[in-house]
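Engineer: Under our numbering, the first residue of the sequence shown carries the number 24, and numbering increases by one thereafter.
Hints in this document: simulated from the structure, not taken from any laboratory. Treat the hints loosely; a few may be bogus.
[Unchecked claim] So the derived label-pair ranges between C-beta atoms look like this:
#1 Gly194 with Lys86: 21 to 27 Å
#2 Val144 with Gly56: 38 to 44 Å
#3 Thr101 with Ser172: 22 to 28 Å
#4 Val206 with Asp227: 29 to 35 Å
#5 Thr208 with Ser94: 28 to 34 Å
#6 Ala153 with Ser202: 35 to 41 Å
#7 Ser237 with Thr208: 34 to 40 Å
[Unchecked claim] The list that follows gives simulated cross-link-like pairs (lysine to any residue, SDA-like), each with its CA atoms no further than 25 Å apart:
#8 Lys176 with Pro61
#9 Lys123 with Gly177
#10 Lys76 with Glu192
#11 Lys76 with Thr155
#12 Lys123 with Ser202
#13 Lys176 with Asp227
#14 Lys86 with Gly177
#15 Lys76 with Lys123
Glycine included, every Cβ here is placed at the ideal spot set by N, Cα and C.
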Amino acid sequence: MSAMRKHLVRAALVFGAGASLALGPGEAFAAEGPAGAPTGHDLAVLSGVVGGKGTLDRLATTKFPGAAAVSAEAAARTAQADVTKPVGVYEPTAEFIAGKSAVPAALSYVAMPARTGDGSVATVWAQREAGTWSVFNVASGDVENRFASAAGKGYLVHEPQVNAWYSVEGGTVTVLDGSVTGVATGTRMTVDAYRAALRDRYADKLPGSAYDRSGAGGGYSKAVAAKPAAAEPESSTVSFVLGGAALALLGAGSVVAIRVRRN
Numbered sequence: 024m025s026a027m028r029k030h031l032v033r034a035a036l037v038f039g040a041g042a043s044l045a046l047g048p049g050e051a052f053a054a055e056g057p058a059g060a061p062t063g064h065d066l067a068v069l070s071g072v073v074g075g076k077g078t079l080d081r082l083a084t085t086k087f088p089g090a091a092a093v094s095a096e097a098a099a100r101t102a103q104a105d106v107t108k109p110v111g112v113y114e115p116t117a118e119f120i121a122g123k124s125a126v127p128a129a130l131s132y133v134a135m136p137a138r139t140g141d142g143s144v145a146t147v148w149a150q151r152e153a154g155t156w157s158v159f160n161v162a163s164g165d166v167e168n169r170f171a172s173a174a175g176k177g178y179l180v181h182e183p184q185v186n187a188w189y190s191v192e193g194g195t196v197t198v199l200d201g202s203v204t205g206v207a208t209g210t211r212m213t214v215d216a217y218r219a220a221l222r223d224r225y226a227d228k229l230p231g232s233a234y235d236r237s238g239a240g241g242g243y244s245k246a247v248a249a250k251p252a253a254a255e256p257e258s259s260t261v262s263f264v265l266g267g268a269a270l271a272l273l274g275a276g277s278v279v280a281i282r283v284r285r286n
């Protein structure tokens with residue numbers, strides 16, 4: 024299994040059979056912080072990995088459509104990664120959506136601003152797997168960095184099925200970009216209200232649902248056709264962007280959402 028495929032399976036939403044909802048009358052969870060937040064040690068290791076020669080060489084040779092041609096020597100001089108601005112990107116957890124956990128989201132990846140060899144704005148994505156950090160993608164644009172700035176003291180949550188972004192601080196969820204879901208940027212809601220919205224979007228994709236029983240989630244070839252989400256302004260190089268219905272069942276009891284890629 025490729026590194027990217029492993030990431031898609033690991034970091035996407037995985038719904039176990041029966042991160043705010045499905046609670047009985049009068050029940051509520053007090054929101055907790057995200058799971059898997061990088062420690063100081065993690066960030067030190069990440070700095071070495073993202074700022075290391077392997078990543079810089081990768082940035083030097085990364086080409087987005089329409090980029091200007093540059094010599095190998097110039098590309099090597101231009102390629103850079105800013106390890107001083109790590110951005111943790113979290114995604115809603117299945118347990119949260121099912122109402123079994125107060126933890127709204129878990130770490131998906133860490134993003135760091137970068138420049139490719141031709142000077143294009145880029146973002147390096149790094150993931151933690153089996154205790155080891157590695158770079159698994161170079162994306163166009165600085166989406167994560169911009170949304171992190173807008174998130175203020177909250178942590179950044181990405182809902183990949185609809186490419187929506189949120190800031191979560193305490194018990195408040197603020198919409199940073201909800202254009203696909205029809206929720207205005209700046210809208211604030213409680214964590215419980217956000218869980219309810221997630222359940223409205225994804226509850227019918229859970230194991231045991233009609234969607235599951237129909238075999239619609241049996242693999243990539245049977246994935247439900249989705250309405251494309253709006254591309255990021257810088258991201259003219261989006262290779263696929265999937266809407267909320269595009270959930271592919273890769274194994275018993277697991278629903279996987281294919282991540283938005285910008286390169």
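Engineer: Hint by hint, say whether it matches the structure.
Structural biologist: These are the hints, each one checked on the structure:
Between Gly194 and Lys86 the C-beta distance comes to about 44 Å, which lies outside the given range of 21 to 27 Å. Between Val144 and Gly56 the CB atoms are about 30 Å apart, so this pair departs from the stated range of 38 to 44 Å. Between Thr101 and Ser172 the Cβ separation comes to about 24 Å, which falls inside the hinted range of 22 to 28 Å. Val206 and Asp227 have their C-beta atoms about 20 Å apart, which leaves the hinted 29 to 35 Å range violated.
Range check, Thr208 to Ser94: about 42 Å between beta-carbon atoms, so the 28 to 34 Å window is missed. Under the hint 35 to 41 Å, the C-beta atoms of Ala153 and Ser202, about 36 Å apart, fit the expected range. Between Ser237 and Thr208 the CB atoms are about 35 Å apart, so this pair conforms to the stated range of 34 to 40 Å. This hinted pair checks out: Lys176 and Pro61 have alpha carbons roughly 16 Å apart, not beyond 25 Å.
With a C-alpha separation of about 23 Å, the suggested pairing of Lys123 with Gly177 holds against the 25 Å cut-off. Distance check on the hinted pair: Lys76 and Glu192 sit about 36 Å apart at the alpha-carbon level, beyond 25 Å; violated. This hinted pair checks out: Lys76 and Thr155 have alpha carbons roughly 17 Å apart, not beyond 25 Å. Taking the CA atoms of Lys123 and Ser202, the gap is about 28 Å. The hint is violated against a cut of 25 Å.
About 33 Å separates the Cα atoms of Lys176 and Asp227, which puts this hinted pair outside 25 Å; it is violated. For a cut-off of 25 Å, the pair hint linking Lys86 to Gly177 is broken: about 33 Å separates their Cα positions. With a CA separation close to 43 Å, the supplied pair Lys76 and Lys123 exceeds the 25 Å bound.
Of the hints listed earlier, those the structure fails to meet are numbers 1, 2, 4, 5, 10, 12, 13, 14 and 15, in rising order.
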